Amino acid sequence: MTHSQKVIVTGGAGMIGSNLVKRLVSQGHRVIVIDNLWRGKLKNLNDNNGVPVIDMENDFFNIDLTSNSDDFTHIFEGADYIYHLADIVAGIDYVFNNEGSVFRNNLLINSNIINTVKRFPPKGFIYAGTACSFPAHLQNENLPRQLKESDQYPAAPESAYGWSKLMGEYEALLMEKETGIPVCVISIHNVYGPQCDFSERRSQVIPSLIRKAIQYPDKPFTVWGDGNQSRAFVHIKDTVEAFIAAKDKGLGHGVIQIGPDKPTPIKEIADIVVHISNKSIDVEYDTSNLVGDRGRCADFTKATKILGWKPKIALKNGIEELYAWIEKQIEDDQTTNA
0 MTHSQKVIVT GGAGMIGSNL VKRLVSQGHR VIVIDNLWRG KLKNLNDNNG
50 VPVIDMENDF FNIDLTSNSD DFTHIFEGAD YIYHLADIVA GIDYVFNNEG
100 SVFRNNLLIN SNIINTVKRF PPKGFIYAGT ACSFPAHLQN ENLPRQLKES
150 DQYPAAPESA YGWSKLMGEY EALLMEKETG IPVCVISIHN VYGPQCDFSE
200 RRSQVIPSLI RKAIQYPDKP FTVWGDGNQS RAFVHIKDTV EAFIAAKDKG
250 LGHGVIQIGP DKPTPIKEIA DIVVHISNKS IDVEYDTSNL VGDRGRCADF
300 TKATKILGWK PKIALKNGIE ELYAWIEKQI EDDQTTNA
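Numbering follows numbering that gives the first Met the number 0, with no gaps: position 145 of the sequence shown is 144.
Simulated from the structure, these hints should not be mistaken for lab results.
Here are the simulated lysine-lysine pairs, DSS-like style, with alpha carbons at most 27 angstroms apart:
| id | residue 1 | residue 2 |
| --- | --- | --- |
| 1 | 311 | 248 |
| 2 | 248 | 304 |
| 3 | 304 | 147 |
| 4 | 309 | 147 |
| 5 | 266 | 278 |
| 6 | 327 | 40 |
| 7 | 266 | 236 |
| 8 | 266 | 311 |
| 9 | 315 | 327 |
| 10 | 236 | 40 |
| 11 | 248 | 176 |
| 12 | 218 | 278 |
| 13 | 278 | 327 |
| 14 | 21 | 42 |
| 15 | 147 | 248 |
| 16 | 122 | 176 |
| 17 | 236 | 304 |
| 18 | 117 | 248 |
| 19 | 311 | 327 |
| 20 | 40 | 218 |
| 21 | 5 | 248 |
| 22 | 236 | 21 |
| 23 | 261 | 147 |
| 24 | 42 | 5 |
| 25 | 304 | 122 |
Here are the computed distance ranges between Cβ atoms for each label pair:
| id | residue 1 | residue 2 | range |
| --- | --- | --- | --- |
| 26 | 169 | 300 | 18 to 24 angstroms |
| 27 | 69 | 218 | 42 to 48 angstroms |
| 28 | 141 | 96 | 22 to 28 angstroms |
Source: prediction; values computed, not measured. Ideal placement from N, C-alpha and C gives every residue a C-beta, glycine not left out.
Please model the entire structure based on the sequences and the hints provided.
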């Protein structure tokens, strides 16, 4: 039986965070969640019966982590492990149109958390990194070579978001060097699954296309770019497995990349979504819009060697599950607002 631990999850009401929280709670741990609910939602922390999985009165904190104050530092006292997932992230439209604020706020969030962790040293610190931190020139082909962890430097991310996350990763590893607090950086590719943000303004590609299919024909089904740009999509269940393994096996092993070794073109994602919808959808491609990097995928050899990890959820099955989840959320919202 797993020994109960005090675990803090920043960004714990978001897609990755809330699924991770539920998994940690199922293992018998006391989980503390910090989230300002910018993207996260309180209902994400509910079980299938609508009951919160944590003590919302004592173990949930709605805090702006960009503020360098003592409002949250006491929360970290006595924590065994810290999962730092909180950041400012959204779809490429938001990220590229708000680069200054995204960069500054993420630097503040990361630095404030790391400084606090230094004051109350835990047994381990797990940082959520991103494939967006890899150099842009390694992601400018539709069918790219597999990225390795060593490819991060010389650094040249395409976006301010990628730079901000790389700087947080760097500061976390400096903390490990200076204090001895073991660190693991889980560098994730494009995560999708239930509890995602599917709003028009901030959703990422798979939930965005699902929302458009559900709303079709009232709204057009538009794919940004020519559809040939590709990504390494990893299901939330596989992602959570990696974060759980990071606590038990990954600390002290630096950056570990999580994502499939083959990229999937956005056009293929659109075709899967259209098929699931059972609608006759006229797919439109808008080449005037932002597309971000042309393509990326992961060499997950290190994840397999250290964490025993590899992706298991088939993309089509994962998208089917997410389509049903988003459809239900939209139906529930319409019923509530009727």
